[in-house]
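Asks: Protein chains in written order, with the working numbering: chain R, 1 to 43; chain X, 44 to 402.
No lab work stands behind these hints: they were computed from the structure.
Certain hints may be false.
Once the Cα atoms are required to be at most 16 Å apart in a straight line, the calculated EDC-like pairs of lysine to aspartate or glutamate come out as [stated by the list, open to error]:
(1) X/Lys117 with X/Glu56
(2) R/Lys40 with X/Glu75
(3) X/Lys369 with X/Glu204
(4) X/Lys348 with X/Glu75
(5) R/Lys34 with X/Glu204
(6) X/Lys205 with X/Asp236
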Amino acid sequence: MPERVAEKRKVENKRISVDWLAVIVAIAALIVVKIGLVGKIPW
Amino acid sequence: MQEKKSVLKGVFEYIPGLAILLVIGLCGKYLERGFESILNESSKVLAKDMYILFAIIVGIIVGNLVRFPAVFRKGIATYEFFLKFGVILIGARLAVQELFTLGVVGIVLVLLEILASVFIVRLVSRRFGLSEKLSSLISIGVGICGVSAIVGCAPAIDADEKDSSYAIAIILIFGAMALVLYPAIGKLLDMTDRSFGMWAGLAVDNTAEAVATGHIYSEAAGKYATMTKLMRNALMGITILGFALYYARKGMAKAVTHKGRFLWEKFPKFVLGFVFFSILASIRLENGFVFLAKEQAGALKNLCKWAFMLTFAGVGLSTSIRDMGKTGFKPFAVGLTTELGVGLFTLLLIYGLGFTGIL
Numbered sequence: 001m002p003e004r005v006a007e008k009r010k011v012e013n014k015r016i017s018v019d020w021l022a023v024i025v026a027i028a029a030l031i032v033v034k035i036g037l038v039g040k041i042p043w
Numbered sequence: 044m045q046e047k048k049s050v051l052k053g054v055f056e057y058i059p060g061l062a063i064l065l066v067i068g069l070c071g072k073y074l075e076r077g078f079e080s081i082l083n084e085s086s087k088v089l090a091k092d093m094y095i096l097f098a099i100i101v102g103i104i105v106g107n108l109v110r111f112p113a114v115f116r117k118g119i120a121t122y123e124f125f126l127k128f129g130v131i132l133i134g135a136r137l138a139v140q141e142l143f144t145l146g147v148v149g150i151v152l153v154l155l156e157i158l159a160s161v162f163i164v165r166l167v168s169r170r171f172g173l174s175e176k177l178s179s180l181i182s183i184g185v186g187i188c189g190v191s192a193i194v195g196c197a198p199a200i201d202a203d204e205k206d207s208s209y210a211i212a213i214i215l216i217f218g219a220m221a222l223v224l225y226p227a228i229g230k231l232l233d234m235t236d237r238s239f240g241m242w243a244g245l246a247v248d249n250t251a252e253a254v255a256t257g258h259i260y261s262e263a264a265g266k267y268a269t270m271t272k273l274m275r276n277a278l279m280g281i282t283i284l285g286f287a288l289y290y291a292r293k294g295m296a297k298a299v300t301h302k303g304r305f306l307w308e309k310f311p312k313f314v315l316g317f318v319f320f321s322i323l324a325s326i327r328l329e330n331g332f333v334f335l336a337k338e339q340a341g342a343l344k345n346l347c348k349w350a351f352m353l354t355f356a357g358v359g360l361s362t363s364i365r366d367m368g369k370t371g372f373k374p375f376a377v378g379l380t381t382e383l384g385v386g387l388f389t390l391l392l393i394y395g396l397g398f399t400g401i402l
């Protein structure tokens with residue numbers, strides 16, 4: 001039982017850190033685009 | 044030195060899976076190009092950003108035919124990161140004024156949708172004799188945020204693994220169906236981008252599928268679908284807290300001691316990034332200064348497309364038809380009835396607002 005709770009807590013913590021990582025990487029991308037390090041991103 | 048090596052090893056562990064996401068995503072992108080002329084002719088039924096749908100389809104086919112070794116798993120699981128990253132970038136396309144104007148209407152719609160989901164699931168679950176906890180997981184999955192809400196709620200109400208996997212399978216089955224059915228219904232009903240986007244954001248359960256459904260309809264609809272879906276996500280903490288308190292009072296789960304901390308833990312932090320980007324993108328000064336010039340906004344838009352390409356390749360790869368088949372008749376029937384009920388209810392809400400001129 002305690003292992004199950006610990007496992008679920010681990011999944012929850014991972015979700016939270018992915019959230020913050022996405023925010024940090026998005027801000028980094030914005031800075032890169034804003035200061036002109038990357039001009040056009042092709043699609 | 045040892046630490047540096049282990050960090051490098053950690054990074055390399057993601058590369059095989061990421062390479063698979065890239066290959067499948069590119070298949071989706073080039074299939075879209077290949078089918079462009081055909082799609083233009085049939086654009087009455089299917090419309091924009093079809094790379095998303097193609098990436099999901101190719102992903103589902105490959106993922107269900109090929110059993111990938113463990114070395115690919117970490118990289119494939121990064122699709123969740125790319126989804127959140129892409130969603131934050133969409134914030135840069137939404138003016139903050141629009142976010143707040145539509146936000147007021149949206150929050151009322153979301154609250155009504157959550158109440159309707161809980162009510163319908165409870166009603167149908169009793170008919171089919173489903174356990175109370177399974178019905179709570181299905182209602183939170185349908186009402187709020189699909190898989191994340193179920194994963195977040197399961198420990199709070201002490202639900203067992205089997206119930207969680209049933210509820211998750213239901214969300215994934217109907218999410219996959221929504222990708223094709225909702226845009227087709229929207230086109231048949233000739234819905235505006237805003238109405239369709241808000242409908243998809245309200246009625247499609249999982250964030251990935253809601254964002255994809257909106258984008259398949261049109262780019263603008265994708266923006267509104269994302270915004271509405273994020274409102275549902277933002278209410279995840281409050282709803283889970285409600286369920287946790289209900290079960291604790293009945294002695295079926297542990298009591299919640301720090302409610303404020305509980306709410307903050309369950310709040311999806313990437314929503315803050317979305318709002319932050321929307322605020323930045325709305326900065327326009329009287330002297331003509333804009334925070335994001337046209338080319339910069341264009342670069343972020345394309346970056347978002349790349350992120351979604353990888354996301355939906357991962358969504359497809361992680362959709363196991365075999366697991367879906369294990370759902371069982373009763374949970375499936377409850378899921379089907381609830382999805383139909385919520386889909387119809389939210390469509391009527393959107394139409395009602397359309398008639399009153401609010402939307």
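Asks: It remains to establish, for every hint, whether it holds in the given structure.
Replies: Now for the hints, and whether the structure bears them out:
1. Between lysine 117 of chain X and glutamate 56 of chain X the alpha-carbon distance is near 7 Å, which keeps this suggested pair within the 16 Å criterion.
2. For the proposed pair lysine 40 of chain R and glutamate 75 of chain X, the alpha carbon gap of about 22 Å is over 16 Å, so the pair is violated.
3. This hinted pair checks out: lysine 369 of chain X and glutamate 204 of chain X have alpha carbons roughly 14 Å apart, not beyond 16 Å.
4. Simply put, lysine 348 of chain X and glutamate 75 of chain X have alpha-carbon atoms about 13 Å apart, close enough for the 16 Å limit, and the pair holds.
5. For a cut-off of 16 Å, the pair hint linking lysine 34 of chain R to glutamate 204 of chain X is broken: about 46 Å separates their Cα positions.
6. Annotation: proposed proximity of lysine 205 of chain X to aspartate 236 of chain X is violated, straight-line Cα distance about 39 Å (limit 16 Å).
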